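Assemble chains B and C onto chain A, guided by the hints.
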Amino acid sequence: MTKYIGKSIKRVEDKRFITGQGRYTDDIKINGMTHGYFVRSPYAHAKVKSVNIDAASKMPGVIKIFVGSDIPETIAGVPCGWQVDFKNGDTMKEPPHPLLVRNKVRHVGDGVAFVIAETRAQAKDAAENVDVDYEILDAVTCPKKATEAGAAQVHADAPGNLCFDWELGSPKDEVAAALASAAHVCELDFSNQRVVPNAIEPRSAIGHYDSAYDKYTLYTSTQNPHLIRLLMCAFVLGIPEHKVRVVGPDVGGGFGSKIFHYAEEALVTWSSKEINRPIKWTAERSESFLTDAHGRDHVSNAKMGFDADGKIVALQAYTYANLGAYLSTFAPAVPTYLHGTLMQGLYTTPKVNVDVKAAFTHTCAVDAYRGAGRPEATYLLERLLDLAALEMNVDPAELRFKNFIPPFDGVEQEGYQTQVALQYDSGNYAPVLERALEMVGYDKFREEQAAQSNGKLLGIGFSTYIEACGIAPSAVVGALGARAGLFEVAQVRVQPTGKVSVFTGSHSHGQGHETTFAQIVADKMGIPIDDVEIIHGDSDSVAFGMGTYGSRSLAVGGSAIVNSIDKVLEKGAKIAAHLLEASADDLEYAEGKWTVKGTDKSVAFGDVSLTAYVPHNYPEGMEPGLDFNAFYDPANFTYPFGAHVAIVEIDKETGEVKLKRFIAVDDVGNVINPMIVDGQIHGGLAQGIGQALHEGTVYDDTGQLINGSYMDYCMPRADDFPSFEIDRTVTPCPHNPLGVKGAGEAGTIGSTPAVVNAVIDALWKGGFKVKDVPMPMTPERVWTAMNN
Amino acid sequence: MGHMIKVNVNGKEHSGGVEARTLLVDYLREDLGLTGTHVGCDTSSCGSCTIHIDGKAVKSCTMLAVQADGCNVTTVEGLATNGNLHPMQEGFKEEHGLQCGFCTPGMMMTAIDFLKTNPKPSEDEIRHALEGNFCRCTGYHNIVKSIQYAANKMQTSV
Amino acid sequence: MIPSSFEYKRANSVSEAVEMIDADAQILSGGHSLIPALKLRLNNPGTLIDISKIDALKEISDNEKSITIGAGATHASIASSSVLEKHAPMMVQAAREIGDIQVRNVGTIGGSIAHADPAADWPAVLLASNATVVIQNKDGNREVDIDQFFKGFYETALNEGEIITAIRIPKTAANKNSVYVKFKQPASRFAIVGCAVALDKDGGNVADVRIGLTGVSESAYRASSVEKALSGNTLDDGLIESAVADVTEGNAVMSDHYASEKYRKHLAGVYVKRALRKLL
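Chains as they are written, first to last, in our numbering: chain A, 12 to 799; chain B, -8 to 149; chain C, 43 to 322.
Looking at chain A on its own, in the form it has when it is part of the complex:
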């Protein structure tokens, strides 16, 4: 039955990419296409006193220049897709996010004018000559400072820059009492710094209004074309959804940053009708740094209490979350339901409280970036655990074993109910850490560490994480403030010849869906994988879809495909029964044919499909055709988990940290394509390690992004990493048909604290008992920790 599932099938999509035939948005040309370029604010906070386009309008090739006041009142700003209300029940502050600003800019990069010309060069030349008169105002960039008295205000209708405050878990006084009676309390003040997603393909969008059909097409580098269409039609432009086609062609990485609906998409779409020509806009990298939604940016204080045996008795976490200047699509969900709900981790902690204040600042918007909230939660927990182990002089691995939730499979044993709302589906946590220790050679490492004396400090760091992904049961997220469902859609269309076209609402931008999904279809239908084609990314060919993020494609999108296949096979069996003159109940389906049980009478899949489309000899009253869709809404989130271990070496003279080894043992449930899952883990690790050691935005006090280019923002390179050592355990998900959990974010979620913990361990073993070195742990910061 499983000819393909579980095998490392080489990717079918590779051929076009390795031969230069991938088709990304900027590769697309349309007859008559024009080019757009944005005039963006060089200031973080300023009044726009005037915008003079006279000189620019007269420049060669210029077709039209739009400024804020040209956008009709009927066009709304960019909407937010998730509402999180204040503790007292007040609605969250949701200030408008205009497509182009009229009076005031609120972050460097805010759009002031949109120049359209015959060529990209002409548009850029003209944009340089748009004359904007600014009155510069004070800015604030830190989410904690933003809430303090006297801070510059981002929006008049969000006093104290507070978007909402939020709390989850046990009552605070109970947590406080547990901490008060704890044998040891580990406390840490830290920040989880802002990072830039940096998909290597810059964002790009082409708007094309076709007056012949009164229809708009938007090509855009997106992770979810249908969601963009829904948001843009219903909430921004007010144009009918059936008159808009959104295509997400090949997309060069997303990591969350291409989930969101951006102003540029709506502007090129709207403007293309205004000028009656197609318009392409592609971000320059400097522009991406200023306008792609960023990730993380939390300032936190946390306390974890332990009893005399090392059992965790309570956790209290306070976090200030930076939302940036405007609310991006999923921004409110990230520091709340994707963060606070994971604060129990893998542990039996009886009292947990999470308190979050979400603030506006004069910075680029912050939204989901690979892991989204879960890396921040994991970072908080795992830092506290390793630090507590150092403070209490106990082994950090032992401390974890002592606190793990006992195994449960979600079938025989119920799911595990945490103190922070979630019910974990299935878990068996000790084996991942046991396996990781075995791979490390833990005892030997500790001996080596003790013997180290060459001017280097060796350290080891742990992180055992859990995440919630496979997002998400629509009713649950709806109750938590989501303004959309989070189901997924699939259509399995069997062609008359028995070849299969599968339409999925998931979007592949590196994840290899065209291969993984085809493996599932080929195995479930017993046909060769070459007979299957996976189609995605076009709202006109795919019925609907919610897209790819939150490690949901396989758990939710894959399940929708399985359910569609079940419908196909159910009808196919009836046709087969008719052809075999047998009862459908007496048939079994295997290897592409229906056989009458206990006989050699059979009919092949292709004969059944042909019959469905040439229904001459056909069951009475049955519709022709063999084409089914399914909408799959999961029963729960899925909960992958794992153990990550980092080994680092610090150069005492310079503070340089070298990552010597990285071991990751992850449990992502059942695995369809091990090669692809490993690849997802590798990529996730690199991003998580990147945050620990290399990446992080630097805003100055005026709100300028000091390191907004690859010359200043450290993108991890090949020589920043060792080869990764990875393995996995398998604890199937009990509530979806494939038993899969999701692998896209695991690497990022687990890895960051492991690396930081390793550096702290090295410092302690070297006699430098510091609690924290801020990320990214640059040589100077580590050196300072040793030389204060």
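Among the hints, a few may not be true.
Unchecked claim - Capping the alpha-carbon separation at 30 angstroms, the derived lysine-lysine pairs in DSBU-like fashion look like this:
{"id": "1", "chain 1": "B", "residue 1": "-3", "chain 2": "A", "residue 2": "135"}
{"id": "2", "chain 1": "B", "residue 1": "47", "chain 2": "C", "residue 2": "100"}
{"id": "3", "chain 1": "C", "residue 1": "320", "chain 2": "B", "residue 2": "111"}
{"id": "4", "chain 1": "B", "residue 1": "-3", "chain 2": "A", "residue 2": "14"}
{"id": "5", "chain 1": "A", "residue 1": "782", "chain 2": "C", "residue 2": "304"}
{"id": "6", "chain 1": "A", "residue 1": "671", "chain 2": "C", "residue 2": "307"}
{"id": "7", "chain 1": "C", "residue 1": "315", "chain 2": "A", "residue 2": "776"}
{"id": "8", "chain 1": "C", "residue 1": "95", "chain 2": "B", "residue 2": "107"}
{"id": "9", "chain 1": "B", "residue 1": "107", "chain 2": "A", "residue 2": "671"}
{"id": "10", "chain 1": "A", "residue 1": "467", "chain 2": "C", "residue 2": "304"}
{"id": "11", "chain 1": "C", "residue 1": "128", "chain 2": "B", "residue 2": "47"}
In case anyone wonders, no lab produced these hints; they're calculated from the structure. Only a predicted model underlies this, so the values are computations on that prediction, with no experimental measurement involved.
Then chains B and C, alone, in the frame of chain A:
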């Protein structure tokens, strides 16, 4: 328009006029329609635009089209011969050296030039050789393996 | 990503290039300092004069008392030069540390030093090597000692209308015993500290030493205090440790988000020590 240039790209002669300021990558993508060469940054850092000029890896975003006048240019579209993948292309497919595929053409072009000067590289040497190419998807792990695959294959085929 | 418009002229010889220069013109050699600046429109010349096709500028020649490196020699050609490897290994080591494969294939030594980025590698090495810069203008050639060449932040002794044609590295005993070490800014991979040392020993004593530092101050400089402390003394760990005490003396140390003044100064000491230890 501007300057007349003559360039041999992937074995085919092209001639045409370009503005002095036209970058080679824009000439390849816009004028010749060779969109396999990508632009990922504006600071000559990411390497997505890497091509070969007279056999050497060059960032085509950091060269003017007029400078390529009279040169032999190879882009990713020119790697496969008679429908047979170059060993480097094969390596990237076999070892899962790509995910979104955006950095891949540039990675392969750099790696091919690198193997010319160092046909039997160590893992460290490969990692060092990729310092001018960014990948955000793979963590570089399988890219290193892909290049090792190609190196082995090219050794045995010599 | 798109430069402002400019005129483009290709020169077939240096004399032709010199004739083409006017106040609004800039020289295009490898272009790996210039074109990035053009793309970001930080630099908007009226005319570019392309000297990259002049083959004569690309040669590295072995003369009796010196090695002459054409200004158009690429970093890659220097990195693979056996004659430089033999007579001034720090040149080869530095070339290998510049940029990446692609940058080294095109970027040139002349273009780099004309640009005089305070964090570029060549200035440190050339200072340590006691190089001579050969410059051509409408009146002919002139030569500038490297000690007089770097004048400040992106400033050199080049006058308007002048083109660097070659760099001469003397074949000294010190250059033969030379080394370059670098602490990289991790994003740009330019130097936070780049240290080149050329050192000749007479017995155990330092007979001749030149130390160039880049990345530390607004312009590359010679660590004179260290050179002085070393000269005539026996090179050992103790001397090295004491000699670097005032490594930044007389030079304002730069500070940025990646490395503060204090840390940079510390690193300068560490890297001078590391370079010297390699020559023990």
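Going down the list of hints, with the structure as the test:
1. Only pairs whose Cα atoms come within 30 angstroms are accepted, and residue -3 of chain B paired with residue 135 of chain A is accepted, the gap being roughly 27 angstroms.
2. Simply put, residue 47 of chain B and residue 100 of chain C have alpha-carbon atoms about 16 angstroms apart, close enough for the 30 angstroms limit, and the pair holds.
3. Of the supplied pair hints, the one linking residue 320 of chain C and residue 111 of chain B holds, its CA atoms being roughly 28 angstroms apart against a limit of 30 angstroms.
4. For the hint linking residue -3 of chain B to residue 14 of chain A, the alpha-carbon distance of about 53 angstroms lies beyond 30 angstroms, and the restraint is violated.
5. For the hint linking residue 782 of chain A to residue 304 of chain C, the alpha-carbon distance of about 23 angstroms falls within 30 angstroms, and the restraint holds.
6. At most 30 angstroms may separate the alpha-carbon atoms for a hinted pair to count; residue 671 of chain A and residue 307 of chain C meet this at roughly 28 angstroms.
7. For the suggested pair residue 315 of chain C and residue 776 of chain A, the alpha carbons sit about 26 angstroms apart, so the restraint of at most 30 angstroms is met.
8. Distance hint between residue 95 of chain C and residue 107 of chain B is fulfilled; the C-alpha atoms sit about 24 angstroms from each other, no more than 30 angstroms.
9. Of the supplied pair hints, the one linking residue 107 of chain B and residue 671 of chain A holds, its CA atoms being roughly 29 angstroms apart against a limit of 30 angstroms.
10. As the CA atoms of residue 467 of chain A and residue 304 of chain C are separated by approximately 22 angstroms, the hinted pair is consistent with the 30 angstroms bound.
11. At roughly 26 angstroms between alpha-carbon atoms, residue 128 of chain C and residue 47 of chain B fall within 30 angstroms of each other, so this suggested pair holds.
Figure legend: structure checked against the earlier numbered hints; the only hint not met is number 4.
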